[in-house]
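From just these sequences and the hints, can you work out the full model?
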Amino acid sequence: MDLGAMLKGKRVLVTGASSGLGENFARESARCGAKVVIAARRRQRLDALADELRQLGAPDVTVLEMDVASEASIDAAFAKIDATGDPLDVVVNNAGVSSAGRAMDMPTADFDSLMAINVRGVWLVAVQAARRWRDAGRGGSIINIASIQGERVAPGITPYSTSKAAVVHMTKSLALEWARHGIRVNAIEPGYIGTEMTDEMWDTEYGQALIKRIPMRRLGKPEELNGLFLLFATEAGSWMTGACVPVDGGHLCSAL
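Position 195 (the sequence shown) corresponds to 251 in the numbering used here; numbering is contiguous.
Keep in mind that a hint or two might mislead.
Claimed, not checked - Ranges between beta-carbon positions, derived for each pair: (1) 187 - 162: 32 to 40 Å; (2) 57 - 158: 46 to 54 Å; (3) 211 - 277: 38 to 46 Å; (4) 292 - 160: 43 to 51 Å; (5) 193 - 254: 35 to 43 Å; (6) 193 - 295: 17 to 25 Å; (7) 292 - 163: 43 to 51 Å.
Hints were generated in silico from the structure; no laboratory data involved.
Owing to the predicted nature of the structure, the values given are computational and were not obtained by experimental measurement.
Note that beta-carbon positions come from the ideal geometry of N, C-alpha and C, so glycine has one too.
Written as structure tokens, this is what we have:
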């Protein structure tokens, strides 16, 4: 079964597409011949990525400036998608931020800002897509990017872990609610992946100690998430909904 071929011609929205895992999912979609909608706050980076996606084989690329912390921004972005007359088939809810710091030292505003992006933003994008699919009488696939931190915790990142646990539970609840509409909602739970957001940490003594705790003794690569991404995005996973699957080098299996 060629999962890549099954994505050809589908229209895929990737949020947080200007770097890291979002860039990876956009590139993989383009390589498979999907029509790609890339959304993020950094327009210049999106424009550069759009040129690359066209060269990789995407038959159509749409660039959207979108801040998932702003409901008005999300509304405007979906209005632009609607105006093309070409509906979405897949939504990758990837936009997110991390945090560092002890809970007692963290300003409440920092907690609120992270939740607005990592939880509320996922909710708003998912609901916008689902309403359109329901009203059109067609299904679709939502892929939320959670984390192994949604299953287990580590010190110093309580808001991030809390937000990803919320995404895991949201994924399961929305999957249950929307299954009758043919809308599938699943989540990828990455382990420690080398990305722009975390690269500096892995060079520290603390980061190297974390890597040693991964059973495979190495960081993951963004492209190692693509197999599960394609499964969730295509009809190969047509009977999968509410699944939250770790891709972590065995990290969740490690001893406490």
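Hint by hint, here is what the structure shows:
Judged by the Cβ atoms, the range 32 to 40 Å given for residue 187 and residue 162 holds: they are separated by roughly 35 Å. Taking the beta carbon of each, residue 57 and residue 158 are about 47 Å apart, inside 46 to 54 Å as hinted. The supplied range of 38 to 46 Å is broken by residue 211 and residue 277, whose beta-carbon atoms lie about 26 Å from each other. Evaluation of the 43 to 51 Å hint for residue 292 and residue 160 yields a pass: the beta carbon distance comes to about 46 Å.
Under the hint 35 to 43 Å, the C-beta atoms of residue 193 and residue 254, about 41 Å apart, fit the expected range. For the pair residue 193 and residue 295, the supplied restraint of 17 to 25 Å holds, since their beta-carbon distance comes to about 20 Å. A hinted range of 43 to 51 Å for the beta carbons of residue 292 and residue 163 is consistent with their spacing of about 45 Å.
Comparing the model with each numbered hint stated earlier shows that hint 3 is the single one that does not hold.
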